[in-house]
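S.K.: Given chain V, put chain E in place with the hints provided.
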Amino acid sequence: MITIQKYVRAQSLEEAYQLNQNKRNRIVGGMMWLRLGSGGVGTAIDLCDLGLDTIEETDAQFSIGAMVPLRQLELHAGLNAYTGGAVKNAVKDIVGVQFRNMATVGGSIWGRFGFSDVLTMFLAMDCFVELYKGGLVPLEQFAGMKKDNDILVRLIVKKTPGKFIYTAMRNQRTDFPVIACALSQMDGTYRAVIGARPSRAMVIRDEKGLLAQGITESSAKALAEFAANTAPTGSNIRGSAAYRTHLIQVLTERAALELGGM
Amino acid sequence: MDIKLKLNGKPICAQIDADTVLLDFLRAQGCYSVKRGCDTSNCGLCTVLMDGKPVLSCSMLAARAGGHSIQTLEGLQEEAADFVGFIADQGADQCGFCNPGFVMNTIALLRENPDPTDDEIRAYLAGNLCRCSGYDGQLRGIRNYVNSRKG
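Residue numbers (this note's numbering), protein chains in the order written: chain V, 19 to 280; chain E, 19 to 169.
Chain V extracted, bound-state conformation (with noise of 0.2 Å):
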């Protein structure tokens, strides 16, 4: 278990931006990953005075602040309006609606967790991160980043029209995803995004067109080949390798058939 020096609610995020570029000290969020990691932390800097625990919707856009926890993102109506329930979807299996209550969307798109559910479903949709002094970044691009002293302060998810569908393997209801698949139709492109695989989500699109002639058995079934084929998969305790591969196939395949109505 972590050991904290010192405990700060940062009062402003100049305040938090300060004290985190100390690399002894940790931006904190729902905790429930930090906590169980080892070492000592100078300071645990706070967000929760700043504000950012709400979601406001605008006719183009919904602003997530870091702070909501998951549990929001779960209930939220017009969130789940805009993607058809998937958002509620990716998220309602996260342990249970105690750990929803306190993990938040900064420290899950923060942690850029390879298991992450949260990355995975923002990764399909046209979204940005909001970060205090690298402004706005495409969440695919923040992805790839490695981790600096920057704060995440937003996620902001653009109402592009499109179609979301969600869907995940776990061994268990509560558990880690064995693996997840989230795809997407955004002004006639498609996006599929595999997640624990168990590495970090990547975004796979239709480059070969598979779906220009709208979606049937056959060509879904040839993106979830190709997307089978493209998304390296490793093995863990969850599953192997080939396992992964064979669920991306099944989970793309079937992902593809609900966005097509099928």
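Do not take every clue at face value.
Derived DSS-like pairs: lysine-lysine, alpha-carbon spacing no greater than 30 Å straight-line [claimed, not checked]:
hint, chain 1, residue 1, chain 2, residue 2
1, V, 24, E, 53
2, E, 71, E, 22
3, V, 24, E, 168
4, V, 176, V, 226
5, E, 71, V, 24
6, V, 177, V, 226
7, V, 110, E, 71
8, V, 177, V, 41
9, V, 165, V, 151
10, V, 24, E, 28
11, V, 24, E, 24
The hints are simulated quantities; they were obtained by calculation from the structure and are not laboratory data.
M.R.: For chain E alone, kept in the frame of chain V given last:
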């Protein structure tokens, strides 16, 4: 450091270390219904309500609870008594070790959704692990309790 919060309706002020977790703080305040189970945010045994929402006290810094209202089973005995007596009569639990977390989360469920379906009960209580009942007794107990309230 000092924190001020409301515990079971009473304002309290206490001194804590920066890394004290809420569970240890609450037990130090005499709330022994709050128990440490897995200590990895998975089992739900340490569930308490913060501002009415169920959270895992093993994973929350006590410092973050400052300024908030915390309720443990000690403070909800009246609300819990009816339900706990009912499921005991039903034989819905076995060893009872998971009961405090299970009861706290059931209270949260029924406040949020007074008439849940079986699937809604299963989903809400998915974060409360029980290693002896197999969950069937608990589900039956809650189902019968909810039905009994309908009259």
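S.K.: Taking the hints in turn, state whether each one holds.
M.R.: Quick rundown of the hints versus the structure:
1. 24(V) with 53(E): Judged against 30 Å, a Cα distance of about 26 Å means the pair holds.
2. 71(E) with 22(E): holds, 19 Å
3. 24(V) with 168(E): violated, 51 Å
4. 176(V) with 226(V): Since the Cα atoms of residue 176(V) and residue 226(V) sit roughly 26 Å apart, the hinted pair holds (cutoff 30 Å).
5. 71(E) with 24(V): Holds, at about 27 Å.
6. 177(V) with 226(V): holds, 26 Å
7. 110(V) with 71(E): Within the cut-off at roughly 16 Å; holds.
8. 177(V) with 41(V): Status violated; Cα separation ~37 Å.
9. 165(V) with 151(V): holds, 13 Å
10. 24(V) with 28(E): Roughly 27 Å between the alpha carbons, so the hint for residue 24(V) and residue 28(E) holds.
11. 24(V) with 24(E): Satisfied, since the Cα-Cα distance of roughly 22 Å is no more than 30 Å.
Of the hints listed earlier, those the structure fails to meet are numbers 3, 8, in rising order.
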